[in-house]
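Asks: From first to last, the protein sequence lines are chains L and D.
Count the first sequence with full-length UniProt numbering and you get residues 1 to 468, in order.
Count the second sequence with full-length UniProt numbering and you get residues 1 to 231, in order.
One thing to keep in mind: the hints can contain errors.
[As the list claims (entries may be wrong)] Rough simulated footprint, nothing fancy, chain L against chain D, three-plus residues with beta-carbon under 8 Å:
| no. | stretch |
| --- | --- |
| 1 | 107-116 |
| 2 | 135-145 |
[Claimed, not checked] Here are the simulated lysine-lysine pairs, DSS-like style, with alpha carbons at most 30 Å apart:
| no. | chain 1 | residue 1 | chain 2 | residue 2 |
| --- | --- | --- | --- | --- |
| 3 | L | Lys367 | D | Lys111 |
| 4 | D | Lys111 | D | Lys37 |
| 5 | D | Lys86 | L | Lys416 |
Because the hints were derived from the structure by calculation, they are not lab data.
By construction, the Cβ of each residue, glycine as well, lies at the ideal position given by its N, Cα and C atoms.
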Amino acid sequence: MSQLWLYLHFSSLQLDSLYAELNQPVVVLDKAKNRIIQLNLAASECGIQHGMGLGAAASLHHNLQVAEYQQSMESDKLKDIAAWLYGCTSDIALWPPNGLLLRVHPMLSLYGGLEPYWRAVKQRLQPLELNYTYACAQTPLGARILARHGHKLISQTPDTLDDAIGNCPLSATDLSTKQQHQLSRVGIKRVSELMTIRADQLSRRFSHDLAIYIGRLSGHFSHPQTFYYPAPKFRQAVALLYGIDNSQRLLPPIKTLLQRLEQFLRLHDKLTTRLQLHFTQQDNSIIELWIVSAQPEYQAEHWEALMTLKLEGLQLSEPIHSIMLKVTELQEKQQLYQDIFAGKQGRQTSLQLVSLLQAKLGTNAIKGLCIGDDFRPERASNYSSPGFTESGPVDWPLPSMRPTLLCDPPFCLNEKVSLLHGPERIQTGWWDNQPVHRDYFIARSIQGKWLWVYRTPESQWFIQGIFS
Amino acid sequence: MNTILHQLKNKGLIWQGSTQPGHSPCASSVAEDWLVKHIPGGLTGHPVVEITSPEGIGELRLLLPNLHANGAGNNKLIVWIAPPHKPNAEALHEAGISLNRLLVIHPAEQKKALWAAEQCLKSGTCHSVLLWHSQLSVAQLQRLQQAARQGQAQLFFLRTGKMLKLSLPVSLSIDLKPLPQGLQVTVRKCRGSWPPPPFNLNMSTAWPRLSLCTASSGENKLLAFPGSRAS
């Protein structure tokens, strides 16, 4: 069975991945050559064209938005697209900065033909809202030439494909300008003319590289590909066209990131409890933000609620230019148990409630309480992190008559009290250098307050607890 | 009906004498709700209970049987918001309150304490919320009451301060005063009925060491606190 490859060429990848409003003209500028290489519809309606200089473009519209071309951004975005496409096709090779090569022939029996396969791929790409051209060919390079030349060609017929490739000009190939110039001087202007020359003559008359290129294009030489393998972690960024200095306005771009995270987690059937956000400021300093949920979650909606609370407390000194969302810890999904008879009375589980409180009030403001095996009252009652884990049973005898509230630290007794019960001596802690030697009494103040007081050997009196 | 009266009734500012509060936070009635003899509905039958009391006279001990009963048989939380001191795990454990279902929240400001109380109440995962707060407006309290109904939780709102001139739209409001053998309870407001006359509560059975035994037997209308403790 002959091979079939599909090449997707994203002609305006950086422009499409920018977070910006649609109705404004936006262009991407190659700074080194001062040429406009990507532009949106609004820009082309103003008369701006590819290859224009910045000055010419700016004179056509007074409010033109310009972004500098960054190859790394396109390459990153390409990986995101590959990760997304991985859900419907298996072999994807990255051709940075803006091409994806799909190996089609193993997928055909799964989808039952090229048409249904292409429909599936197209449908998958639709929500990303990208501009792209595509073409099939029997070799990777053939598909690349066709797609880069602007074809939108889905076909399996070898003749059609060969004709289409043959008609492409040399400028559509990956040959260097020097090689193209060399070839055009001997009258070769199209790929078909180049293909008619025999391989041994090519390497003798031109260069060995050219012979290999043509060999790969025609399928005589094998052209091995490194296929994409999905990353185990989520890491995506969104670049903002203009700086945002209001933390509330950061929410919409974060929302899109969260939706992508939801897709990622759903595909992997995983949950997470922690998100890491990096905001890059104008001066390239980075603000790091952690969003923690006590209950593992994947839904964007849930994270959004926590994010809103977290952003309320965020003060921005400089405008933000890019946002990155990172998730490094993934968890397996677990079954949540719920009382079937009691039913669902509220909207949340207790862990969700804790996440919500922690997001607004800070992690340290929410505490649990646990008993420590110690005679010292301040150590017998401890704050803990609110985990709702079933702690082990208390298998040591607990003292009775303890106050409901503890003063931590104890404070001096300054009022007149009558001692009613006691003493109860607690003398311990000699092993950990915090020795305690106290005589405890239950006392009642004149106002009727029930206090738990103690006396040190130095006859100093302290209030340790209140029988509230 | 008079529209103003109607509005006031909807807001819960007035009520009719015969109506019974239709709310019960816990399906199983509290067997130990000993206050039910004196206060219509006891402590259990009111979604929001306001307690005005000096600190340390037994106001929490009064609530402990109810808090225990609210949490029995369900997996819900009890939340303490802005307590004046650290709750003592040993005492709470002894009172039968499960510590792993307990949250203590220390908000930075009072406004956040109210927010936290509202979230806890309406989440449906808490059976009781204890809130220490000095000042509450009518609107704030109405919100909390709404949240308590929504999440089927009970709010105990504890104040040490002076009497507020303003009557808050709570369903039960009691004042506590210390007595040698227990507490004097004055019901200032009880939704659904006239406030009963003040009565004295004898806590010496439950807390023998926290009462003055020498008190005269001439006290009238003494009511025994439930003997729930082994010691």
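Asks: Okay, which hints does this one fail, numbers in order?
Replies: 2, 4
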